[in-house]
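Using the sequences and the hints, build the whole thing.
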Amino acid sequence: MDEINRMLARQRQADLVREAQRSQLAHAARAAARLGLPRELWLVVLGIFLNYVGYGAVLPFEVIYLHDGRGFSLGVAGLVVGLITGVAVVTAPLAGPLIDRFGARAVAAGAGVVLAAGYTGLAFVYSPAQAFVAAAIAGAGNGALNPSQSTLVATLAPAQLRHRANAVSRVAANVGVGIGGGVGGLVAAYGLTGFVALFLANGVTYLIYVCVLIAVVREDARPEPITGGYRLVVRDRAFVQLALTNVAMIAVGWGVFTWLVPPYAKDEVGISAQLIGLLMLANAATVVVAQVPIAVFAEGRRRAVMMALAAWMFVAACLLVLAAGTGTDLAIPALFVAAVLVGAGECFHTTVLMPLAADLAPAGLRGRYMASMGLSWWIGLAIASAFGAQLLSVSPTAAFLAAAVVALVAGVSALTLERRLPDACRLTPRPHRSPDK
Numbered sequence: 001m002d003e004i005n006r007m008l009a010r011q012r013q014a015d016l017v018r019e020a021q022r023s024q025l026a027h028a029a030r031a032a033a034r035l036g037l038p039r040e041l042w043l044v045v046l047g048i049f050l051n052y053v054g055y056g057a058v059l060p061f062e063v064i065y066l067h068d069g070r071g072f073s074l075g076v077a078g079l080v081v082g083l084i085t086g087v088a089v090v091t092a093p094l095a096g097p098l099i100d101r102f103g104a105r106a107v108a109a110g111a112g113v114v115l116a117a118g119y120t121g122l123a124f125v126y127s128p129a130q131a132f133v134a135a136a137i138a139g140a141g142n143g144a145l146n147p148s149q150s151t152l153v154a155t156l157a158p159a160q161l162r163h164r165a166n167a168v169s170r171v172a173a174n175v176g177v178g179i180g181g182g183v184g185g186l187v188a189a190y191g192l193t194g195f196v197a198l199f200l201a202n203g204v205t206y207l208i209y210v211c212v213l214i215a216v217v218r219e220d221a222r223p224e225p226i227t228g229g230y231r232l233v234v235r236d237r238a239f240v241q242l243a244l245t246n247v248a249m250i251a252v253g254w255g256v257f258t259w260l261v262p263p264y265a266k267d268e269v270g271i272s273a274q275l276i277g278l279l280m281l282a283n284a285a286t287v288v289v290a291q292v293p294i295a296v297f298a299e300g301r302r303r304a305v306m307m308a309l310a311a312w313m314f315v316a317a318c319l320l321v322l323a324a325g326t327g328t329d330l331a332i333p334a335l336f337v338a339a340v341l342v343g344a345g346e347c348f349h350t351t352v353l354m355p356l357a358a359d360l361a362p363a364g365l366r367g368r369y370m371a372s373m374g375l376s377w378w379i380g381l382a383i384a385s386a387f388g389a390q391l392l393s394v395s396p397t398a399a400f401l402a403a404a405v406v407a408l409v410a411g412v413s414a415l416t417l418e419r420r421l422p423d424a425c426r427l428t429p430r431p432h433r434s435p436d437k
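Using my numbering, the first residue of the sequence shown is number 1, and each one after it goes up by one.
Because the hints were derived from the structure by calculation, they are not lab data. Glycine included, every Cβ here is placed at the ideal spot set by N, Cα and C. One or more of the hints may lead you astray.
Simulated restraints, written as ranges between beta carbons of each label pair [stated by the list, open to error]: (1) 390 - 416: 42 to 52 Å; (2) 126 - 240: 44 to 54 Å; (3) 126 - 75: 14 to 24 Å; (4) 390 - 275: 17 to 27 Å; (5) 68 - 39: 10 to 20 Å; (6) 323 - 158: 39 to 49 Å.
List time: in silico SDA-like cross-link candidates among lysine to any residue, alpha-carbon distance up to 25 Å [unchecked claim]: (7) 266 - 418; (8) 266 - 395; (9) 266 - 340.
What follows is the structure, encoded as C-alpha cells:
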C-alpha cells in the first residue's frame, strides 16, 4: 500500500509539472503577439526554443548518464561535465573578434554545428578520454554560441525594442528548458538507450537551429572594423562597471539559488526533494510569466533603478532563505516567496543588462562587448559554485549573509553606474510605434 501511495504521489507531481509547463507555454504565446518585433526575429526565437528543448532534456542527466550509463566514477563524470563550462569560459572571449569579423549569424551557425558534434560524440563515449574530447568540443561551441546569439538578437531588433527581444528570447529558452527537462525525465527512464536518444536529440536540435539561422536570417551586416579590439572594451568605464556589477548579480542571484538553496533547504530546513523541485519550478514559472510584462513596464524608466531593484530583491530572497532555517512554521512559504523574488529579480536585471551592453557597444565591437558580458556570467556562476559552496559547508548563516551583502553592494553599484552612462542609454527606450500595429 505504501508503494502504491508513493507511486500515486509521483504521478500527481508529474501531472502538476506538466500542467505548469502547458500554462507557461500558453502564456508566452499570448504575450508574444503584442510585442511588435520583426518576423525574422520571431523565427530565430523559435529556433532558440527548439534548441533549448534539446539542451533542457540532457542538462539534468549529464552526470547520471556518464556514471550510471557508461560506468564512470562520479568524480570523472563531474570533471567531464565541468570541462564543458571550463572550455566555454576560455572560448567565449575568442568568439568576440570572430563575431565582429564574420557576423553573428555565421558564428552562431558554426557554434551550433560544433555543439551538435560534441553532444553527438557524448552519446557514444566508452572511455573517459573519449568523453573529455567530446566535452571539450561541446564547450567550445557553447562558449561561442551564447555571445553570438546575444549579438544576433540585438542586431535583428530595432534599438528601441532590444529589451523586448531579449525578454522574448529568454522566455523561449526557459520554456524550452522546462519542456525539455520534462521530456528528458520520461526518456531517461529507459536507461542507457534513453540517455543515448536524449544526447542524439540534443545534437539534432542544434542542427535545426543552424538551419533556421541559415534559412531565415539575412546576410550579416558587417560594420567597418575598429582597431584596438579588447583594449577599447576595457577602457569603457561604464561597460566595465556594468560587467563587474553583473558578476556580483549572477553570483548572488542565479548562483546562490542554483547551488546553495537546494542543499540548504534539504539539510537545514528539512524539505523533500519533491518540494525542492517545486521551488525550482516556481522560479522558472515566475520568469516565464513576468519577463515580458516587466520588459514593457521598464520602458521609459531608469535602467540603473531597475538593476538596483533586482539586486535588492536578491537581498530580500537571501534573508528569507536564512529565516527559513530557523525552524519557523513559515519556512516553506518563505522559501517559495524567495524563489519568486529571485525570478522577478532576474527579469528586472536581464531586461536591462544585454540591451544596455548592446547600446554601449560601437557596432564594430559589439561581438567583443557581448562576449565580455557573457564571460562575466560564467565568472559569477563559477564564484557561486566554488566559493559559495565552500562557505555554505562552513556556516550557512555566513553564506547567505555574505550573499545579501554582495547583493546590496551590487545595487549601490548599479545606481552609481548611471552617472557614467551616456544620456541616450540611461532609460529603457519606448517603442516608436504601438506594439499592436
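- request: Provide an ascending list of the numbers of those earlier hints which the structure does not satisfy.
  value: Of the numbered hints, 1, 5, 7 do not hold.
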